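J.: The primary structure of each chain is shown beneath.
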Amino acid sequence: MNLHTPAPPPPIDIAQTVANSPGYWTTVGQRLLRDKVTLFFGAVLLLIVLMAIFAPLIAPADPYKTNIIRRLKEIGFPGHPLGTDQTGRDMLSRLIYGGRLSLFMGVMPVINALIIGGMLGVIAGYMGGAVNSAIMRTMDIFYAFPSVLLAIAISGALGAGIGNAILSLSIVFIPPIARVAETITTQVRNLDYVEAARASGASSLRIIRIHVLSNVLGAIFVYATSLVSVSIILASGLSFLGLGTKPPEPEWGLMLNELRQAIYVNPYVAALPGVMIFMTSLSFNLLSDGLRSAMDLKS
Amino acid sequence: MRMPTTELAERSVMAGDGATMVDVSGLNVGFKNAKGLVRAVNGVDLQLKRGEVLALLGESGSGKSVTLRALIRLNPEHKSIVSGRIVVAGTDVTTLAPEAMQDFRGGVASMIFQDPGLALDPVYRVGDQIAETVMRHKKVSRQEARKRALELFERVRIPSPERRLDAYPHELSGGMRQRAMIALSLSCDPQVLLADEPTTALDATVQIQILLLLRELQRDLGLTVIFVTHDIGVAVEVADRIAVMYAGRIVETGPVAEVIRGARHPYTLGLLATRAHGGRLQGRRLRTIPGNPPDLASLPPGCPFAPRCSSVEARCREIEPPLVELGPAHRMRCVLGT
Numbered sequence: 001m002n003l004h005t006p007a008p009p010p011p012i013d014i015a016q017t018v019a020n021s022p023g024y025w026t027t028v029g030q031r032l033l034r035d036k037v038t039l040f041f042g043a044v045l046l047l048i049v050l051m052a053i054f055a056p057l058i059a060p061a062d063p064y065k066t067n068i069i070r071r072l073k074e075i076g077f078p079g080h081p082l083g084t085d086q087t088g089r090d091m092l093s094r095l096i097y098g099g100r101l102s103l104f105m106g107v108m109p110v111i112n113a114l115i116i117g118g119m120l121g122v123i124a125g126y127m128g129g130a131v132n133s134a135i136m137r138t139m140d141i142f143y144a145f146p147s148v149l150l151a152i153a154i155s156g157a158l159g160a161g162i163g164n165a166i167l168s169l170s171i172v173f174i175p176p177i178a179r180v181a182e183t184i185t186t187q188v189r190n191l192d193y194v195e196a197a198r199a200s201g202a203s204s205l206r207i208i209r210i211h212v213l214s215n216v217l218g219a220i221f222v223y224a225t226s227l228v229s230v231s232i233i234l235a236s237g238l239s240f241l242g243l244g245t246k247p248p249e250p251e252w253g254l255m256l257n258e259l260r261q262a263i264y265v266n267p268y269v270a271a272l273p274g275v276m277i278f279m280t281s282l283s284f285n286l287l288s289d290g291l292r293s294a295m296d297l298k299s
Numbered sequence: 001m002r003m004p005t006t007e008l009a010e011r012s013v014m015a016g017d018g019a020t021m022v023d024v025s026g027l028n029v030g031f032k033n034a035k036g037l038v039r040a041v042n043g044v045d046l047q048l049k050r051g052e053v054l055a056l057l058g059e060s061g062s063g064k065s066v067t068l069r070a071l072i073r074l075n076p077e078h079k080s081i082v083s084g085r086i087v088v089a090g091t092d093v094t095t096l097a098p099e100a101m102q103d104f105r106g107g108v109a110s111m112i113f114q115d116p117g118l119a120l121d122p123v124y125r126v127g128d129q130i131a132e133t134v135m136r137h138k139k140v141s142r143q144e145a146r147k148r149a150l151e152l153f154e155r156v157r158i159p160s161p162e163r164r165l166d167a168y169p170h171e172l173s174g175g176m177r178q179r180a181m182i183a184l185s186l187s188c189d190p191q192v193l194l195a196d197e198p199t200t201a202l203d204a205t206v207q208i209q210i211l212l213l214l215r216e217l218q219r220d221l222g223l224t225v226i227f228v229t230h231d232i233g234v235a236v237e238v239a240d241r242i243a244v245m246y247a248g249r250i251v252e253t254g255p256v257a258e259v260i261r262g263a264r265h266p267y268t269l270g271l272l273a274t275r276a277h278g279g280r281l282q283g284r285r286l287r288t289i290p291g292n293p294p295d296l297a298s299l300p301p302g303c304p305f306a307p308r309c310s311s312v313e314a315r316c317r318e319i320e321p322p323l324v325e326l327g328p329a330h331r332m333r334c335v336l337g338t
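These protein sequences, in sequence, are chains A and B. Quick note: the first sequence, position 282, residue 282 per my numbering, numbers continuous. Quick note: the second sequence, position 271, residue 271 per my numbering, numbers continuous.
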């Protein structure tokens, strides 16, 4: 009796399957392309950044040129599509140029914090024990103060100026980034593949460079993107308080302060720098959310 | 797993005629924690000749993995206290400087881990991970390292090896991953291979393939292997000698055939009795050893197995069990032999 004669299984081209499976970043890219919201705000952000970079080519007028006769003109005034400010300077040109300083002051502290905080966090997480306690408890001291107050206090103590504002904001952002880096490093450090790397002769530095950083960088990069939105608001806030940029530099926060008195005369023009701050901050925030969900392949 | 009994005798004769590759004596490993000192390994002696395969057999927490890790100083250094003599391939491991230790790991002795899914970095292609290790130990270009990785993949019989090199660990099956892990551990021509339950996380059918592969590689490359397992079937399949561990001590050791057929220590006898005999004894309860392993933080005086032992005597709880010679290479720690 012919009980069971299994037919030979169809040849599966394993090699083909392997070759076709996309890498990590390809998958992340594909997921981002499907996320319309993130794409839209990414585009908005790109536009703002390009505008700031190519300001001299785009701006219709000199952002410093005052005109005492044409003060506080409304939106749509001939020659000044977005009106003029309290000294008659072209608002459109100032908003375009303002992006340079505002973005710089928003992004620089986060980059500084990314490097220093990331390093501190990885060291704390990898070394563990007393080193970890020393670094992380120092970070906790900074957590005791609200970030805005801390930034104002440091800026105020150091004196007004772009450099000091960036320094104070960097200090504010180091602890949260260090904490994220430390958490991830601690997790990775105890994984089997780190032990396997040690068992095959990798030094601590090598393990950090190859195995820890690849895991930490993605996460703190996403987190840093969300911090940029906070940083831009804080930087503008410092300028608004007179602790950041000094007049007559165009900077959104400072412009907002200068136009404060014009709020009853020409409210729409006075609100424009705020709109820019809001749009930039929102874009960074949503972009960071989108990146986070695209990079988390488990979801 | 079935025992190939006919092979047993000849195998123990075949192996173990070279130089001493692993020489461990009086090894103690303790871990400091909040409760105090956990004595994971207590006075372990191990001697292996070139080309020998030893199976360290024991249940969870018996100290077999800790012993294995001590050989390449992989236990967390600031949390553990290690004492005793550890000489691997003529090198005193205990006094090696950190840099020399890193050259030693992977270069002289390397390790295979239990779960290849966790022991391979998920964000790197497996080929790159192997190439990275090769470049670490041998000053060669990336291209040459890749070539070596390809060679190794062919050696461990991974189908379509060129393409597999570019695969991420999650794209490989469990058996394939363990093959890649073996390739990684062999990448720098080690003399001693430490295998920490390399088949435990695999399917039964894949297990036997990996065991056969390891056995074949061991013969071809003349490797000295210490194989940690809790599966007697696996131990019989791969090993020349068996060392049974309990509570951080080796309670019985000897050639496979002698330990399996002529076990004398009550714990070894207990372990042998617990094996499931395929379908032959279907419907009957499986035998177990009553009780639990002792708390290693507060070991009682005398024999640590005494509370669970079926042939316990009064003196067991008072004196350390003596080492008893049962044959030329067959020894146990128990008062029964005296």
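FYI, nobody ran anything at the bench for these hints, they're computed from the structure. Mixed in with the good hints, there may be bad ones.
As the list claims (entries may be wrong) - Quick partial rundown of chain A residues pointing at chain B, CB under 7 Å, derived from the structure:
1. 60
2. 61
3. 64
4. 66
5. 190
6. 192
7. 199
8. 200
9. 203
This structure is a prediction, so every number in the text was calculated from the model and none was measured. We treat Cβ as the ideally placed atom computed from N, Cα and C, and that holds for glycine.
J.: Look at each hint and say if it fits the structure.
T.: Okay, the hints, checked on the actual structure:
Among the interface hints, the one on residue 60 of chain A is violated; its C-beta lies about 48 Å from the nearest C-beta in chain B, farther than the 7 Å criterion. Checking residue 61 of chain A against chain B by beta carbon gives a least distance of about 50 Å; that is not within 7 Å, so the hint is violated. Because the closest C-beta pair between residue 64 of chain A and chain B is about 50 Å apart, greater than 7 Å, the hint is violated. For residue 66 of chain A, the interface hint is violated, since its Cβ never comes within 7 Å of a Cβ in chain B; the closest pair sits about 56 Å apart.
Using the Cβ-Cβ criterion of 7 Å, the hint placing residue 190 of chain A at the interface with chain B is not satisfied: the shortest such distance is roughly 10 Å. Using the Cβ-Cβ criterion of 7 Å, the hint placing residue 192 of chain A at the interface with chain B is satisfied: the shortest such distance is roughly 4 Å. About 4 Å separates the beta-carbon of residue 199 of chain A from the nearest beta-carbon of chain B, less than 7 Å, and the hint is met. Contact between residue 200 of chain A and chain B, as hinted, is supported at the beta carbon level, the nearest pair being about 4 Å apart and thus within 7 Å.
The closest approach between the C-beta of residue 203 of chain A and any C-beta of chain B is roughly 5 Å, which is under the 7 Å cut-off, so the hint is satisfied.
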